[in-house]
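Chains as they are written, first to last, in the working numbering: chain A, 1 to 416; chain B, 417 to 679; chain C, 680 to 1066.
Since the hints were made in silico from the structure, they are not lab data.
It is possible that some hints are incorrect.
[Claimed, not checked] Partner residues are not named here, just some residues of chain A that face chain C (Cβ under 10 angstroms, in silico):
#1 Ala20
#2 Val29
#3 Gln35
#4 Asn54
#5 Leu196
#6 Pro200
#7 Asn219
#8 Ala243
#9 Ile316
#10 Ala388
#11 Leu395
[Stated by the list, open to error] Far from chain A, by Cβ distances over 12 angstroms, these chain C residues were calculated:
#12 Thr757
#13 Ile831
#14 Gly858
#15 Glu867
#16 Ser984
#17 Thr1004
#18 Phe1061
[What the hints assert, rightly or not] From the derived model, a few chain C residues whose C-beta atoms are all more than 12 angstroms from chain B:
#19 Ala753
#20 Asp798
#21 Leu814
#22 Leu876
#23 Val944
#24 Glu950
#25 Tyr953
#26 Val966
#27 Leu972
#28 Arg1020
Built from N, CA and C at the ideal position, the CB exists for glycine as well.
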Amino acid sequence: MGAQLNPAETLSTADFEPRAARRHRAGLVWTLVFQISTVIGIIALVALLVTVLNSAFGYVAIEYTVNPATLTDGPLEDASTDELTAILQQGVSAGLYRRLEADQPFAERSHANVLDLVYERVVAPTVVQQWTLIDSLFGKRAILRAAAADYPNAEIVFQSWISARFISSPQSGTPAKAGVRTAILGSLWTVLIAFLMAFPIGVGAAIYLEEYAHDSFVNRIIQVNINNLAGVPSIIYGMLGLALFVRLLGRFTSGAAFGLADPGVANGRTVLSAGLTLGLLVLPVIIINAQEAVRAVPGALRQASLALGATQWQTIWHHVLPMALPGIMTGTILSISRAMGETAPLVVVGASTFVTVDPTGPFSKFTTLPIQIFQWTSRPQNVFRNIAAAAILVLLAMLLSLNTTAILLRNRYSRK
Amino acid sequence: MTGTIQAGDDHFAIEARGLCVYYGGFLAVRDIHLGILRHQITAIIGPSGCGKSTVLRSFNRMNELVPTARTEGQVLFNGVNIYEPAVDPVRVRQRIGMVFQKPNPFPKSIYENVAWGARINGFKGVMDELVYESLEQAALWDEVKDKLNQSGLSLSGGQQQRLCIARTIAVRPDIILMDEPASALDPIATLRIEQLMQDLASRYTIIIVTHNMQQAARVSDMAAFFMTDDSRTGYMVEYGPTETIFTKPQDKRTEDYITGRFG
Amino acid sequence: MDTVRASTDDLAATLRQRPHIRESLIQALLLLCGVVSILTTIGIVYELGSESLLLFTRQQWEQTNRTLASEIDAATLTLVTGSAGAHLYAGDVIRIGPEVMQVDRVQGVTLSVQRGQQDTAAVAHAAGTEIAKSLRVSLREFLGKTEWNPQIGKFGVWALVNATLMTSLLALLVALPVGLGVAIYLSEYASARARRLLKPVLEVLAGVPTVVYGYFALTFMTPLLRSIFGANTVEIYNTASAGLVIGILIIPLVSSMSEDALSAVPGSLREAAYALGATRFETAVQVVLPAALSGVTAAFILAASRAIGETMIVAIAAGAGSNFTFNPFRAAETMTGHIVRISGGDLSYDSLDYNSLFAIGLLLFLMTLGLNIVSQQIVRRFREVYE
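Bound-form chain A, shown alone:
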């Protein structure tokens, strides 16, 4: 691509050395650099998912305290309830048997219930070794060999650490039996309270700022303040929640003022405090989102309403809000989703380290799913890695469904 000059031209173009080929080559190199940057983000995301999935599934070596095959002739599940009850009586201590009978007479228990008890107490499986998913998929023979060498009595089973049992079981000291039910309920409770607190206040503030506030000093301060609050690290909100809701308002947040306090809870470290703290955290973001949604409503709509003699509030309530609502909801759902993933502020506010009882109301002590993940990840034993991964999958699933709802909402209403 050299330049062939028309000899009739002046020598003007001889002053230039365009080096077009070199510039194009440099351009190609940089295009590659930019594309690689984009790919880095995707690679990181994939690596993250693979890491989590890797620990959430895999072969485990299970050793039985009592081999089920020695208990019955056929499979354990086929034994009758009476047979199972007899096995249980022989297999556990007399004291435990009496206690179980006192809780609920064996005659009244279901077959599945007794089967579970036999399995849990008599057979008592323990996980002695676990392998990652990648190892399980590609190195099965090596695993079998290692298991045969180290744990000859163990059974090799492919385990999915995330399961219906995992989701429905409460926290437990034994990692293999632990579940995330208490954590999920805690998350749902706190997020609900956060929503109930932040949504009305947030939308109210947004309406005020967009529809009523004229450009005065106070209103400008409010706006700047909200923008700044949106950028404050979440842990600071935790400290505010600790000082305000847990300590200062401890009588109210623990329910003592209403006579509903849970004696097991240390003053104000309740679901209510956690929810209110989260509410403060997402309030600025909800306000900013709602403001944008309200601002997007065309002025012509307001003018038409006012021209008919409606008051300002009537205009807002009957015309502006309904039109802005989809946008507000989308933003709110995304904020709620973010709140559900928050860990630091709730640790500061005082999530309990070991909760086995489901939260029963706003005055219960609490733990949330991200906090559970945090605690399990912080433990050194390998098996905690597995249940942490399973809990992460549960959390991601919950967030995914929330975000998908928000996106569907946005798409449906932006097609107008």
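Once you've looked at the hints, dock chains B and C against the given chain A.
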């Protein structure tokens, strides 16, 4: 650009042969045969939507910036079809410059605005001289010589447009394409641009698109009249010396447009 | 005539202003909602400020395990201590029994003291009485010292700030180039279809909870670093893993804000550049990027603020226990990690530990607030005018 120079091509600065431009499935202009004479001001006139800008932008391959655009036919510059695969559009655009309807100086200093284009095209000479020459030719030097470091956006609309002309000149093109260069300016600024065009014609070949007939009549040496047919495709109706087009048009449609019966 | 006049009176009556009580009430209510945000800020500043103040003004008594060697009366100005226990220095304030004294000079185990300080009465003391030392944190110590160990009375915040800065710097080294590269690619190169595919992916990256990133840092990044640099160089908990993962976390922040800024540059500028014979790369980097500079700079500053405030990733992966080091492969606790660790354990409300948390929090708040304000100012003051 590679290619041999053929005899008989010399008198056209640039020539469209059978040019058709599609945007996706829509045919914007069809079968344009237009030979532009050197050192003349050629005006492309016609009602809005008849493809004047499309034709203009096909002369420096700016249509390609639209992803769905497709060109058929040839545009010969110094005997070389600029749409040949071997031809680099980056090089074409240095030789064929463009001034836009709305002045769009870079948010850089006045000096940088003029110098930048020359710099990326590998200017080897003394930049200060080039900047001076370009601003001088664009009739802007006296007004900005004391504030070359100020932002180009601090100038008035008319000055900004002259700045855009100066930066186009700075890369030493052969042809300057102007897409309604004065339509965003007030009448006084417009007049200055028109005077500038006359001065520049001695050095460059100028092709201007305008919807302002009086301007075309004032400024141009040659005029090409375009229209749309029923399927909104643009085509050239008549092309000739401005005086002929405006006083003794050959085609009735041209006459109707000139006399204001439509458009 | 009468009917006309009657209707005019009616008209006047209906047109007359009626007090819109409900309207005013509603407006007041909405104003209150807006005011909640101000109350939040006031709450934050007040709580952080007051507790921090307590840190610097309260006096606590710390056990020295040193005792009086022999009994003294109420008047003597020299006393002898046992040889065991923490060192005492000139200028220390000590307490023996109910009396507070100030140490003027120390010679071996002999102290020259001023008696009856801080409104306490000088009294006699028996041999073997415990000597307690006053512990007060000064602003100079807080901001000047580099060892943070409240157990032994060290309150130099630089240890924590240093770790925070190290992780943040590493994060920015990752996120700024990559984020800007993504932004340029999406804004200047990618087709509409590619953009539609890539933007949601980046949004997903931004939506992953930080605790999951922490897990990722511990279970993937640290083993990766250990395999690259050797298990002896890289500790299990280190700031490098945390920093790199924080970087990944904030890539979407940088890229989406920068892309907004780049896309806001009008197409006419790009056209002008192309018309002069510029390549796409030259146009993107020499025309569009400078034109969007204030937006991109604001994005960078906001990313820095986000990185500094990040908690869970460092809490999980960077280590517990503060450590003043410049080696990114060693464990070091950051400001946020420390707050989380301490508040997750037993915490009594009136301890120095509790107060010190708020002092750290105040410092953190001021740092991020400062960065956020600078970012907003840059956008406001230097917002490019294209027309």
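Cross-check of the supplied hints:
The beta carbon of Ala20(A) comes within 8 angstroms of a beta carbon in chain C, closer than 10 angstroms, and the hint placing it at the interface holds. At about 9 angstroms, the closest approach between the beta carbon of Val29(A) and any beta carbon in chain C falls short of 10 angstroms, and the interface hint on this residue holds. Of the supplied interface hints, the one on Gln35(A) holds, with its beta-carbon coming within about 6 angstroms of a beta-carbon of chain C, less than 10 angstroms. This hint holds: Asn54(A) has a C-beta 8 angstroms from the nearest C-beta of chain C, less than the 10 angstroms allowed.
Hint status for Leu196(A): violated, given a least beta-carbon distance of 14 angstroms to chain C, over 10 angstroms. For Pro200(A), the suggested interface contact is upheld, since its CB lies about 8 angstroms from the closest CB of chain C, less than 10 angstroms. For Asn219(A), the interface hint holds, the least distance from its beta-carbon to any beta-carbon of chain C being 8 angstroms, beneath 10 angstroms. Hint on Ala243(A) holds. Least Cβ distance to chain C is approximately 4 angstroms, under the 10 angstroms limit.
Annotation: Ile316(A) was flagged as interfacial toward chain C, and the flag holds, the nearest CB pair being 9 angstroms apart, inside 10 angstroms. A cut of 10 angstroms between beta carbons decides the hint on Ala388(A): the least distance to chain C is about 6 angstroms, and the hint holds. Checking Leu395(A) against chain C by beta carbon gives a least distance of about 7 angstroms; that is within 10 angstroms, so the hint holds. Consistency note on Thr757(C): stated as away from chain A, and its beta-carbon is indeed over 12 angstroms from all of that chain's, at 46 angstroms minimum.
Every CB of chain A lies more than 12 angstroms from the CB of Ile831(C), the least distance being 24 angstroms, so the non-interface label holds. Taking the minimum C-beta to C-beta distance to chain A, about 8 angstroms, the non-interface status of Gly858(C) is violated against the 12 angstroms cut. In this structure Glu867(C) is not separated from chain A by more than 12 angstroms, as the shortest Cβ-Cβ distance comes to only about 8 angstroms. Look at Ser984(C): its CB is around 6 angstroms from the nearest CB on chain A, not clear of 12 angstroms, so calling it non-interface is violated.
The beta carbon of Thr1004(C) sits about 22 angstroms from the closest Cβ of chain A, which is more than 12 angstroms, so the claim that it is off the interface holds. Separation of Phe1061(C) from chain A is adequate, the least Cβ-Cβ distance of about 18 angstroms exceeding the 12 angstroms criterion. Non-interface call for Ala753(C) relative to chain B: holds, since the shortest CB-CB distance, roughly 80 angstroms, exceeds 12 angstroms. Interface exclusion of Asp798(C) from chain B stands, the closest Cβ pair being 68 angstroms apart, more than 12 angstroms.
At roughly 58 angstroms from the closest C-beta of chain B, the C-beta of Leu814(C) stays outside 12 angstroms, upholding its exclusion from the interface. Distance check on Leu876(C): its Cβ is at least 16 angstroms (rounded) from any Cβ of chain B, clearing the 12 angstroms threshold; non-interface status holds. Not every CB of chain B is more than 12 angstroms from the CB of Val944(C) (nearest about 9 angstroms), against its label as outside the interface. Once the 12 angstroms rule is applied to beta carbons, Glu950(C) is inconsistent with being away from chain B; the minimum gap is 7 angstroms.
Annotated as non-interface, Tyr953(C) brings its C-beta within 12 angstroms of a C-beta of chain B; the closest such distance is 6 angstroms. The claim that Val966(C) lies off the interface is violated: its Cβ sits roughly 6 angstroms from the closest Cβ of chain B, which falls inside the 12 angstroms cut-off. In this structure Leu972(C) is not separated from chain B by more than 12 angstroms, as the shortest Cβ-Cβ distance comes to only about 9 angstroms. Separation of Arg1020(C) from chain B is adequate, the least Cβ-Cβ distance of about 49 angstroms exceeding the 12 angstroms criterion.
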